[in-house]
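There are 2 protein chains.
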Amino acid sequence: MAKTDIQIAREAKKKPIQEVGQKLGIPSEHLLPFGHDKAKVSADFIQSVQDRPDGNLILVTAINPTPAGEGKTTTTVGLGDGLNAIGKKAAICIREASLGPNFGMKGGAAGGGYAQIVPMEDMNLHFTGDFHAITTAHNLLSAMIDNHIYWGNELGIDQRRIAWRRVIDMNDRALRQITSSLGGVSNGFPAEAGFDITVASEVMAILCLANDLKDLEKRLGDMIVAYRRDRSPVYCRDIKADGAMTVLLKDAMQPNLVQTLENNPAFVHGGPFANIAHGCNTVMATKTALKLADYVVTEAGFGADLGAEKFFDIKCRKAGIAPKAVVLVATVRAMKMNGGVKKDNLGQENVDAVKKGCENLGRHIENLAKFGVPCVVGINHFVTDTDAEVQAVKDYCSSKGVEAVLNKHWADGSKGITEMAQKVVDLVEGGKANYKPLYPDEMGLFEKIETIAKEIYRADKVVADKKIKDQLKAWEDDGYGKLPICIAKTQYSFTTDPNWRGAPTGFEIPVREVRLSAGAGFVVAICGEIMTMPGLPKKPASEVIRLNDQGEIEGLF
Amino acid sequence: MAKTDIQIAREAKKKPIQEVGQKLGIPSEHLLPFGHDKAKVSADFIQSVQDRPDGNLILVTAINPTPAGEGKTTTTVGLGDGLNAIGKKAAICIREASLGPNFGMKGGAAGGGYAQIVPMEDMNLHFTGDFHAITTAHNLLSAMIDNHIYWGNELGIDQRRIAWRRVIDMNDRALRQITSSLGGVSNGFPAEAGFDITVASEVMAILCLANDLKDLEKRLGDMIVAYRRDRSPVYCRDIKADGAMTVLLKDAMQPNLVQTLENNPAFVHGGPFANIAHGCNTVMATKTALKLADYVVTEAGFGADLGAEKFFDIKCRKAGIAPKAVVLVATVRAMKMNGGVKKDNLGQENVDAVKKGCENLGRHIENLAKFGVPCVVGINHFVTDTDAEVQAVKDYCSSKGVEAVLNKHWADGSKGITEMAQKVVDLVEGGKANYKPLYPDEMGLFEKIETIAKEIYRADKVVADKKIKDQLKAWEDDGYGKLPICIAKTQYSFTTDPNWRGAPTGFEIPVREVRLSAGAGFVVAICGEIMTMPGLPKKPASEVIRLNDQGEIEGLF
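Chains A and B are the protein sequences, given in the same order.
First residue of the first sequence: 1, per our numbering; consecutive thereafter.
First residue of the second sequence: 1, per our numbering; consecutive thereafter.
Worth flagging that the hints you see were computed from the coordinates, not collected in a lab.
One or more hints might be untrue.
Lysine-lysine pairs mimicking DSS-like chemistry, simulated, CA-CA at most 27 Å apart [to be verified]:
hint, chain 1, residue 1, chain 2, residue 2
1, B, 15, A, 240
2, A, 15, B, 539
3, A, 218, B, 539
4, A, 250, B, 106
5, A, 218, B, 14
6, B, 15, A, 218
7, A, 538, B, 343
8, A, 539, B, 250
9, A, 539, B, 14
10, B, 218, A, 538
11, B, 356, A, 250
12, A, 15, B, 15
13, B, 106, A, 214
14, B, 432, B, 461
15, B, 106, B, 88
16, A, 250, B, 3
17, A, 3, B, 250
18, A, 454, A, 469
19, B, 214, A, 539
20, A, 538, B, 240
21, A, 436, A, 461
22, A, 250, B, 539
23, B, 343, A, 250
24, B, 3, A, 14
25, B, 250, A, 250
26, A, 106, B, 250
27, A, 250, B, 14
28, A, 106, B, 13
29, B, 539, A, 214
30, B, 14, B, 291
31, B, 23, B, 250
32, B, 356, A, 240
33, A, 240, B, 106
34, A, 454, A, 467
35, B, 106, B, 3
36, A, 13, B, 250
37, B, 218, A, 106
38, B, 106, A, 106
39, B, 538, A, 250
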């Protein structure tokens with residue numbers, strides 16, 4: 001029987017993190033260790049390498065996800081190992097896992113099979129404490145807002161218009177909507193309030209987009225936390241919380257270094273939601289990796305329609321970085337699902353369904369071309385895939401003018417992905433990349449939404465109430481018109497209907513709500529229902545998670 | 001001008017934590033580093049030293065605290081350094097600081113002057129994440145309770161009788177009393193709820209009293225989280241949260257090692273409230289230190305009437321440890337305040353007031369004798385103290401049959417406290433210690449409260465409603481009768497009136513409420529108002545906390 005991810009991870013021959021850091025030239029004194037297998041890279045060291053040239057950034061993205069699994073993170077990790085295997089100095093950048101959801105469903109591994117990042121247990125629990133720091137900084141601001149009102153409300157906050165909820169890194173539906181400050185005078189003024197999960201915090205988005213501590217503090221100060229009766233905004237800066245929040249986030253801003261099963265360096269840092277936020281690891285980690293490695297492989301959340309678009313239009317635009325190549329991950333199984341095959345029948349060869357399902361892949365290929373970066377398709381191999389099915393995908397890609405490579409990193413580690421690694425190097429060295437965002441800063445906010453919906457999703461039109469359009473106009477008048485758009489939408493379809501697979505046409509994108517993340521620096525357009533505080537399932541994983549007699553964690557994976 | 005604590009701390013010549021660990025014979029591979037100046041001692045190493053004999057435990061306690069300051073922690077740290085200075089292998093054990101309150105009032109240093117533990121900044125912020133782990137474990141249980149009810153409530157929990165609140169490490173009065181699960185069917189059943197500060201969590205008390213991970217898991221399972229309509233208890237074990245909580249607390253159970261300014265080892269681990277809990281650092285840290293050092297200096301929260309009593313009757317009784325000597329800390333200034341001098345006049349010599357104030361000291365001396373452990377009084381020197389005043393305290397102590405030593409560790413570090421260190425060694429080597437708890441396990445719960453109130457506080461009687469007495473009786477019937485008592489009362493007086501200094505007589509102790517901490521293993525008797533969720537002041541410290549241009553933290557100290 002094949003080994004499970006956790007079995008493989010536990011058999012990993014981890015090197016001391018100092019040795020992993022040495023591969024990138026990080027001196028031991030600049031690696032702040034957390035145990036023997038995790039470390040933060042010191043801010044001082046990062047400062048000292050700013051004059052170096054950047055390495056080559058590679059984005060790994062995917063088709064619309066299906067329950068069949070695409071293996072985007074697995075490909076990211078495998079490609080990092082593969083690039084190292086063919087003699088390149090490569091590093092990986094991915095997001096941190098959110099702790100709360102691991103106690104609902106089984107915890108997420110960082111990769112899978114023989115393409116994993118370790119230590120898996122720590123990464124699914126407290127890791128280096130970054131998310132706890134974010135939770136604390138966020139809730140300090142909440143406490144300070146209510147405290148300001150309690151002591152006289154000099155700023156004239158309209159308590160009905162507090163725009164700042166609380167956060168907790170836990171799936172706890174009971175906290176979605178609460179009334180706070182009950183119990184009398186000494187507890188403040190009763191108010192409606194609520195909690196989101198920590199990854200939904202604007203502080204998380206800011207930590208992931210900030211260039212340094214000064215930038216972090218400025219962005220925190222820019223956050224809008226409430227409005228007055230005259231609708232004028234009250235900023236975090238007005239509450240005087242930005243300094244203390246920065247102090248709380250000082251260590252969290254330093255990127256975390258861990259390793260792959262093959263002892264190659266991996267930065268795992270930050271984890272914003274991919275719906276109401278941009279869904280990428282920190283700019284700090286990506287930029288640091290680019291200074292230290294020749295190749296940096298990173299990924300973006302969800303499918304390419306949401307994840308890659310936000311990566312290009314928010315992260316790259318704001319951070320001044322640009323990938324040299326994109327790897328678009330697909331699987332034969334997911335093609336079959338997109339082609340109409342039910343989950344139970346995925347094990348049977350069905351070349352026609354694969355061909356039909358390639359429509360979804362094809363649209364992502366077309367979309368990625370709009371950002372000016374060359375693309376290669378990575379077929380993440382499953383044992384049930386037949387040669388004819390794989391060839392059908394390759395042929396389809398060929399007809400679209402891109403190459404497709406079959407990757408077996410899951411089963412074989414770096415040995416299974418050297419062809420792809422070489423292809424990526426060829427693409428980079430071909431020098432064809434010419435990154436451009438989808439829309440200019442100067443375009444109006446609603447037009448930006450329309451541009452994404454029409455160019456990427458292929459919707460006929462965007463539908464929004466006058467109230468929403470007025471709000472966008474008001475933000476433009478207030479000087480927020482140059483911000484990029486962050487679409488919050490189902491990841492499973494180009495449309496807002498999660499069950500509409502393939503390459504749909506003839507649909508509209510309704511915008512239900514818009515939110516201004518003034519500190520993070522984007523306008524969120526919510527299209528459909530977005531849950532910012534999950535609940536636990538009937539049988540949560542936490543009921544079976546425990547330490548066994550060997551002191552190992554059971555039930556988390 | 002004298003240097004501030006933070007200036008002194010920043011000038012510390014810290015050694016790598018591995019070198020500090022070497023002093024105690026901890027191999028590097030068993031020190032799990034957090035940065036270069038903090039580490040956790042591995043559970044495996046702790047297991048490996050269990051057969052070693054124990055060193056000598058020294059308790060540092062104090063008179064009833066006054067705004068003049070006693071310097072209990074400063075003396076603890078100074079004595080640890082002093083014992084090392086006279087050639088003993090000594091370690092220190094103190095509690096961790098709670099993060100939340102540091103953003104209200106100025107953060108607490110660990111010691112002061114030249115008797116400090118470093119790194120001070122980290123210890124006042126996230127440190128090694130123990131409190132975040134406790135917060136998370138606690139709130140996972142909260143989420144699982146509500147989730148159980150949401151999915152059908154098989155256990156038949158009476159939602160009006162949920163005994164498990166939530167916690168957050170933040171001063172946030174708005175969360176003291178809330179209604180949760182508002183907003184419709186998918187958010188659960190609306191209910192009254194609320195948050196305490198993390199240090200008030202029973203999980204914190206359990207972490208501090210547990211002997212190992214197995215014991216931790218058992219105690220967590222024993223916690224009562226709710227009652228059914230028939231008043232029968234529902235345990236954490238019934239909710240099946242104990243295993244996952246243990247996993248979340250696995251790393252937090254390992255003691256944290258840091259160092260004094262003189263590079264001597266200090267364990268800083270755990271931080272339960274000293275009112276509704278027992279107020280001492282973890283049993284894990286104390287027991288580990290006793291295996292590794294010849295002398296272990298520790299302290300207990302509040303004055304000796306609350307702190308030392310709980311240390312003896314809860315921690316020592318349950319952990320099977322016993323101090324060989326007690327240092328009772330007093331100051332000339334605090335004696336003057338107890339003798340009736342106003343705070344503004346403390347700088348003027350007043351020998352009569354000192355003599356009068358010694359009554360408070362005297363009662364603590366008498367009380368400590370009841371636990372069978374020899375005592376020495378440590379006079380913590382202030383520059384305004386006159387020789388005549390110091391002599392008055394010494395003479396008074398002499399009349400009570402104990403010695404008093406003037407300590408100048410604040411100004412001079414270990415050099416200022418060598419006489420005391422030698423005195424402690426003499427006391428230990430004298431072999432007079434014969435620890436006994438104040439009351440036997442078998443005594444009834446109400447009688448135990450009476451015993452503490454009469455023997456320690458010198459109250460005439462304990463006053464409690466029939467309802468409270470019935471509750472205590474019911475717990476005895478349920479098998480909880482052998483638990484010790486944890487009194488929650490003002491720390492400023494032997495009475496329940498914080499302004500009644502000195503050595504009062506002729507008063508009653510009213511018991512307002514009793515609570516069962518079935519997992520921690522004690523019954524809390526609440527005498528007076530106890531706040532388990534602080535609020536922020538009008539001008540919270542967080543408004544001025546920030547990073548300066550040198551990257552140093554301002555405003556936290």
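Evaluated hints:
{"no.": "1", "hint": "15(B) - 240(A)", "in the structure": "violated, 36 Å"}
{"no.": "2", "hint": "15(A) - 539(B)", "in the structure": "violated, 49 Å"}
{"no.": "3", "hint": "218(A) - 539(B)", "in the structure": "holds, 22 Å"}
{"no.": "4", "hint": "250(A) - 106(B)", "in the structure": "holds, 19 Å"}
{"no.": "5", "hint": "218(A) - 14(B)", "in the structure": "violated, 33 Å"}
{"no.": "6", "hint": "15(B) - 218(A)", "in the structure": "violated, 35 Å"}
{"no.": "7", "hint": "538(A) - 343(B)", "in the structure": "violated, 60 Å"}
{"no.": "8", "hint": "539(A) - 250(B)", "in the structure": "holds, 23 Å"}
{"no.": "9", "hint": "539(A) - 14(B)", "in the structure": "violated, 49 Å"}
{"no.": "10", "hint": "218(B) - 538(A)", "in the structure": "holds, 24 Å"}
{"no.": "11", "hint": "356(B) - 250(A)", "in the structure": "violated, 50 Å"}
{"no.": "12", "hint": "15(A) - 15(B)", "in the structure": "holds, 25 Å"}
{"no.": "13", "hint": "106(B) - 214(A)", "in the structure": "holds, 24 Å"}
{"no.": "14", "hint": "432(B) - 461(B)", "in the structure": "violated, 33 Å"}
{"no.": "15", "hint": "106(B) - 88(B)", "in the structure": "violated, 35 Å"}
{"no.": "16", "hint": "250(A) - 3(B)", "in the structure": "holds, 26 Å"}
{"no.": "17", "hint": "3(A) - 250(B)", "in the structure": "holds, 26 Å"}
{"no.": "18", "hint": "454(A) - 469(A)", "in the structure": "holds, 18 Å"}
{"no.": "19", "hint": "214(B) - 539(A)", "in the structure": "holds, 24 Å"}
{"no.": "20", "hint": "538(A) - 240(B)", "in the structure": "holds, 13 Å"}
{"no.": "21", "hint": "436(A) - 461(A)", "in the structure": "holds, 24 Å"}
{"no.": "22", "hint": "250(A) - 539(B)", "in the structure": "holds, 23 Å"}
{"no.": "23", "hint": "343(B) - 250(A)", "in the structure": "violated, 39 Å"}
{"no.": "24", "hint": "3(B) - 14(A)", "in the structure": "violated, 46 Å"}
{"no.": "25", "hint": "250(B) - 250(A)", "in the structure": "holds, 25 Å"}
{"no.": "26", "hint": "106(A) - 250(B)", "in the structure": "holds, 19 Å"}
{"no.": "27", "hint": "250(A) - 14(B)", "in the structure": "holds, 21 Å"}
{"no.": "28", "hint": "106(A) - 13(B)", "in the structure": "violated, 46 Å"}
{"no.": "29", "hint": "539(B) - 214(A)", "in the structure": "holds, 24 Å"}
{"no.": "30", "hint": "14(B) - 291(B)", "in the structure": "holds, 24 Å"}
{"no.": "31", "hint": "23(B) - 250(B)", "in the structure": "holds, 26 Å"}
{"no.": "32", "hint": "356(B) - 240(A)", "in the structure": "violated, 47 Å"}
{"no.": "33", "hint": "240(A) - 106(B)", "in the structure": "holds, 16 Å"}
{"no.": "34", "hint": "454(A) - 467(A)", "in the structure": "holds, 22 Å"}
{"no.": "35", "hint": "106(B) - 3(B)", "in the structure": "holds, 17 Å"}
{"no.": "36", "hint": "13(A) - 250(B)", "in the structure": "holds, 22 Å"}
{"no.": "37", "hint": "218(B) - 106(A)", "in the structure": "holds, 24 Å"}
{"no.": "38", "hint": "106(B) - 106(A)", "in the structure": "violated, 42 Å"}
{"no.": "39", "hint": "538(B) - 250(A)", "in the structure": "holds, 26 Å"}
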